[in-house]
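*Asks:* Given the structure of chain A, go ahead and fit chain B onto it with the hints provided.
Here the protein sequences come in this chain order: A and B.
Mapping to our numbering: the first sequence position 23 is 23, numbers consecutive.
Going from the second sequence to our numbering is simple: count from 1 and add 1000.
No lab work stands behind these hints, which were simulated from the structure alone.
Do not take every clue at face value.
Stated by the list, open to error - Below 27 Å or equal to it, Euclidean Cα-Cα: the simulated DSSO-like pairs (lysine-lysine) are:
#1 K1220/B / K1185/B
#2 K1115/B / K14/A
#3 K332/A / K1115/B
#4 K332/A / K1185/B
#5 K331/A / K1115/B
#6 K1075/B / K328/A
#7 K328/A / K1185/B
#8 K331/A / K1185/B
#9 K12/A / K1115/B
#10 K331/A / K1075/B
#11 K22/A / K12/A
#12 K262/A / K332/A
#13 K307/A / K331/A
#14 K259/A / K1115/B
#15 K1115/B / K19/A
#16 K1127/B / K332/A
#17 K331/A / K1127/B
#18 K1220/B / K332/A
#19 K1115/B / K1009/B
#20 K332/A / K1007/B
#21 K331/A / K1125/B
#22 K332/A / K1477/B
Stated by the list, open to error - FRET-style restraints, in silico, Cβ to Cβ:
#23 E251/A / F1126/B: 37 to 45 Å
#24 G1102/B / T144/A: 35 to 43 Å
#25 F1069/B / A35/A: 48 to 56 Å
#26 S17/A / G1102/B: 12 to 20 Å
#27 I165/A / G1071/B: 22 to 30 Å
#28 K259/A / L1060/B: 44 to 52 Å
#29 K1007/B / A35/A: 26 to 34 Å
#30 A1118/B / F108/A: 37 to 45 Å
#31 D284/A / V1014/B: 47 to 55 Å
#32 E251/A / A1138/B: 36 to 44 Å
#33 L1060/B / S17/A: 28 to 36 Å
#34 A93/A / E1100/B: 49 to 57 Å
Don't be surprised by glycine CBs; every beta carbon is placed ideally from N, CA and C.
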Amino acid sequence: MSQMITEINTEKVKMFSEKIAKIKTELAKDVVGQAAIIDGVITAIVAGGNVLLEGVPGVGKTRLVRSLGRVLSLPFSRIQFTPDLMPSDVTGANIVEKDENGRLQTKFRRGPIFANLVLADEINRATPKTQSAMLEVMQEHKVTVGNDTYKLDEPFFVLATENPIEQDGTYPLPEAQMDRFMFKLIVDYPTNDELVGIVKMTQKTMEETAEAVVTGEDILEMRALASQVPICDEVLYYAVNIVSGTHPASETSTPSAKKYLKYGASPRAAQGLVTCAKVRALMDGRYNVSYEDIEALAYPILRHRIKINYTAINDKLTVDHVIGLIVKETKKG
Amino acid sequence: MSGNFLKFKRRLCVIRTIRAGIVGSSVGLLAAGVWLILTKLAVIDFEPISSLFIGLGLALVAGGVLFLFGGRSDKSLAEELDGEFGLKARVQTMIAYQGEEGELVALQREDAEEKLSAVSVKSYKFKGLPIYITVLAACAAVLVAGFIVPDMRDFVPPEEIEVFELSDMQRAGLNELIRYVESSKMEEEFRTSIADELRDLLSRLENINTVPDMRAALAKSMAVICDITYTSSTATETLDALWDSNNVYLKHLAVTLDASSWSVPDWGDFAERLTEYSMVLMGDTSEDENALVGKASLKRALDSMKISLDILQLDTEDELCAAIDKLFNGNPGGLSLILATIDYHDDTTAREALNQSLTLNSQSLYDAVSLNRINAATGEYTMTRLASLFLVPVPEFERPEFVRTGERPDGGYGSNDKEEGGGNHNGGVGTGATYGSDDIVLDPITGKPIKYAELLDKYNAIMNERLDGDSYTEEQKEAIRKYFDLLYKGVEKKEGN
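If we strip away everything but chain A, and leave its shape as in the complex, we get:
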């Protein structure tokens, strides 16, 4: 019996790996390079988290998300955030219309948020009011309009983008909303070789050619499988210590956190870190979470959840530098 269970599990893992490979292969058709970003996005999606993509214009953020939507066979919607965007433009609103009998009735018209994969483009351009409309959606995957609550279909992801250059007319996301993003991935400018590839590809066609290879159910299965990846207590405590070490006022904080941080990460960071580490382990063909998984994921998990102080700015340290110091100062075991 256990032999059979083992065989089944092996098959599941094999399928997991195959699907991940397929997703990457398809995405590579539309997105040149950015392997780390793709891995990050896939990890977050399998883990069930939202992703914030930060990058200069033209690096392929929107293209990636659109291609991802096609590959995952998930209903996709794109919301372009502008300063005049209203919350109801995102969530939907109740409208009054006539029924077949000609009587007036109130009907809820769903907004673009009602999709499985939502691209929130330039999310920092919307007003705080509109941004707050995303909070409930991103965390609880439901929309409340008036007295009615509408659940969103699973799997549900929000992939948001923001431009780090433009500061005029933007509204920085509140910490509460930032905490709802599992990852913050920095989309760098492509290398020369990657740019050559981009140019060559787009010379042929600008259309995305990636095809659907997995479904939403597949993603949910993969998520369920990943959640079963064992993690030993030493690695678990390591992850927790890294997160708790980011709080400068805490007695468990590291020296660098005390010196360079204004505030640290929430418990969601620890949850996200462990969840994503399990996915990463499985994607790497392993059946357990390792210290390396935690260290690698500490950056996308923490960089939007902590804030550096003037001392770090004065010392010309970025958030990633400080995260690196904290990871180094955290003891294993």
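*Replies:* For chain B alone, coordinates are given in the frame of chain A:
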């Protein structure tokens, strides 16, 4: 439990045993070595063989403790294996989830086993083995050192030899002492001998560079000076004085006292004089009766002459009687003459003649005795000065009995001043002597009696005059002044008694 993991556990056990053995041995060797060194150097009072038991005991304890408590948990071993062989927490997770079931737990276990089986057990090495071996070797070296270290338990360290160099002050002091001796009233023969000895001493001290050698040279010179002093102050002069007194009775006494060694060139004249006196003083007495009467009469006569028994080198009346007996046995005629001259019936004529004769000769007697005293005092002073210059103790030396006797300023021969408790009045600085300001001492330079306070003032003046120069350092001057202060205080203390 994973089979592969068990292999590593067994390997760890072997390594642990070896480590315990090495550490235990190191501790034992070190302890034994240190203990052995300490016993051999007599730092601790144990036999060297005890180091064997100390080393063995500590080796067993250290090794045992390390083996029992130096073990590692499965978690710890798993962590080490993961880290060392890059297994990415596989073994740790396997150990953490052993006994559990789950979809992926079994897969994880298999995966961990597979990866672990690819690692050779032998590749799990004894970390830091070279360091352990080095420490073991170092501890063994300590034990070897313990065997090499010589056994110092019976070692008596040589005395630290103090360095000696004749200082300017000492040199000047010696030269001054030589001048003092040469200018003193000591008899020339002895004066020259002492001065020569001092010069010889000075030249020897110039080449001596250790304190023991210095003390040996000083002791030798002091012994020589002591002998000279003793010789210079014997009773020879006194006896000569008695003989030169032209008094037949005193001559007889001189002969009696030293009849065996004394030459008598004028014996012929003496006999004639005896005959003359016998004609005058001869009485009509029987031989036997006269013998008994003679002894007593002779004693009375001597007493009436006020000749101190000490001066004559005779301590007791018994010795005097023995001398008379000798004379009686040796020369009956001589004794009869002496007896005939003394009339226990109070022949004042004879007594007056004897008294007159002794009075005439008292000065020569006094001179002889005084000369002996000057000789003795000079010799004493020389040795005392040497002792103070070189900070060595003044040796005990024999003094003739008469030298100890005090003399009154009026020149008379007083009774034994020792009974009066007057101390040493010869002018020398004797051991244990203290002086009051009015005590009479002999001036070592002039040889004349002088009150101690005046002598002290005299020397104090000389001292101040000499110290005005640059011959002495400030420290030396201060030490000398302090010494004189003590002397003055001693004088005050004596008077205060």
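*Asks:* Work down the list of hints and note, for each, if the structure agrees.
*Replies:* Structure-based check of all given hints:
{"no.": "1", "hint": "K1220/B / K1185/B", "result": "holds, 24 Å"}
{"no.": "2", "hint": "K1115/B / K14/A", "result": "holds, 18 Å"}
{"no.": "3", "hint": "K332/A / K1115/B", "result": "holds, 22 Å"}
{"no.": "4", "hint": "K332/A / K1185/B", "result": "violated, 105 Å"}
{"no.": "5", "hint": "K331/A / K1115/B", "result": "holds, 25 Å"}
{"no.": "6", "hint": "K1075/B / K328/A", "result": "holds, 22 Å"}
{"no.": "7", "hint": "K328/A / K1185/B", "result": "violated, 103 Å"}
{"no.": "8", "hint": "K331/A / K1185/B", "result": "violated, 102 Å"}
{"no.": "9", "hint": "K12/A / K1115/B", "result": "holds, 21 Å"}
{"no.": "10", "hint": "K331/A / K1075/B", "result": "holds, 16 Å"}
{"no.": "11", "hint": "K22/A / K12/A", "result": "holds, 15 Å"}
{"no.": "12", "hint": "K262/A / K332/A", "result": "holds, 25 Å"}
{"no.": "13", "hint": "K307/A / K331/A", "result": "holds, 22 Å"}
{"no.": "14", "hint": "K259/A / K1115/B", "result": "violated, 41 Å"}
{"no.": "15", "hint": "K1115/B / K19/A", "result": "holds, 25 Å"}
{"no.": "16", "hint": "K1127/B / K332/A", "result": "holds, 20 Å"}
{"no.": "17", "hint": "K331/A / K1127/B", "result": "holds, 21 Å"}
{"no.": "18", "hint": "K1220/B / K332/A", "result": "violated, 87 Å"}
{"no.": "19", "hint": "K1115/B / K1009/B", "result": "holds, 16 Å"}
{"no.": "20", "hint": "K332/A / K1007/B", "result": "holds, 25 Å"}
{"no.": "21", "hint": "K331/A / K1125/B", "result": "holds, 24 Å"}
{"no.": "22", "hint": "K332/A / K1477/B", "result": "violated, 80 Å"}
{"no.": "23", "hint": "E251/A / F1126/B: 37 to 45 Å", "result": "holds, 38 Å"}
{"no.": "24", "hint": "G1102/B / T144/A: 35 to 43 Å", "result": "holds, 37 Å"}
{"no.": "25", "hint": "F1069/B / A35/A: 48 to 56 Å", "result": "holds, 50 Å"}
{"no.": "26", "hint": "S17/A / G1102/B: 12 to 20 Å", "result": "holds, 19 Å"}
{"no.": "27", "hint": "I165/A / G1071/B: 22 to 30 Å", "result": "violated, 60 Å"}
{"no.": "28", "hint": "K259/A / L1060/B: 44 to 52 Å", "result": "holds, 51 Å"}
{"no.": "29", "hint": "K1007/B / A35/A: 26 to 34 Å", "result": "violated, 39 Å"}
{"no.": "30", "hint": "A1118/B / F108/A: 37 to 45 Å", "result": "violated, 60 Å"}
{"no.": "31", "hint": "D284/A / V1014/B: 47 to 55 Å", "result": "violated, 34 Å"}
{"no.": "32", "hint": "E251/A / A1138/B: 36 to 44 Å", "result": "holds, 42 Å"}
{"no.": "33", "hint": "L1060/B / S17/A: 28 to 36 Å", "result": "violated, 57 Å"}
{"no.": "34", "hint": "A93/A / E1100/B: 49 to 57 Å", "result": "holds, 51 Å"}
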